[in-house]
Amino acid sequence: MPLLPRACVLLRLIHDPMKASRDVPTCPRCGVSRVHRSHRRGLIEHTLAQFGAEMRRCYACRARQAWFGRTPIAIGDADRKRWRNLVLFGSGFTLCLLLLWWMISRFTPLVG
1 MPLLPRACVL LRLIHDPMKA SRDVPTCPRC GVSRVHRSHR RGLIEHTLAQ
51 FGAEMRRCYA CRARQAWFGR TPIAIGDADR KRWRNLVLFG SGFTLCLLLL
101 WWMISRFTPL VG
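Under this note's numbering, the sequence shown has 21 at position 21, and the numbering climbs by one with no breaks.
Treat each hint with caution, since some may be false.
[Stated by the list, open to error] Pair by pair, the computed Cβ-Cβ distance ranges are:
| id | residue 1 | residue 2 | range |
| --- | --- | --- | --- |
| 1 | Leu-99 | Arg-62 | 34 to 42 Å |
| 2 | Ala-74 | Ile-104 | 41 to 49 Å |
| 3 | Thr-108 | Cys-30 | 53 to 61 Å |
| 4 | Ser-33 | Leu-99 | 50 to 58 Å |
Rather than coming from a laboratory, the hints here were simulated on the basis of the structure. The C-beta atom is built at its ideal place from N, Cα and C for all residues, glycine as well.
Take the sequences, apply the hints, and build the full model.
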């Protein structure tokens with residue numbers, strides 16, 4: 001009869017609900033546990049994957065992380081990309097205006 005309690009103890013050690021809840025990855029940015037695997041994009045993510053990282057994305061805040069076991073490393077930021085695109089568009093627009101001003105001032109005859 002002593003085998004039955006031992007088997008129950010072993011089963012409890014193997015399937016511990018508290019341990020299972022600790023093993024679920026949570027987003028370091030917002031704390032939500034709905035984090036899913038994501039495709040690798042770009043050279044940095046492919047390089048990190050060669051070292052054993054898993055790319056994951058949060059359902060709630062859409063943040064991307066490279067996970068090395070239980071340790072996440074943030075990859076990219078949506079706000080930073082938005083600002084980068086805005087600066088890139090603004091500098092391109094300014095460059096076009098400067099080119100237009102140069103063409104008008106260079107190729108139009110001076111009046112007076």
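Any hints this thing doesn't respect? Which numbers, in order?
none
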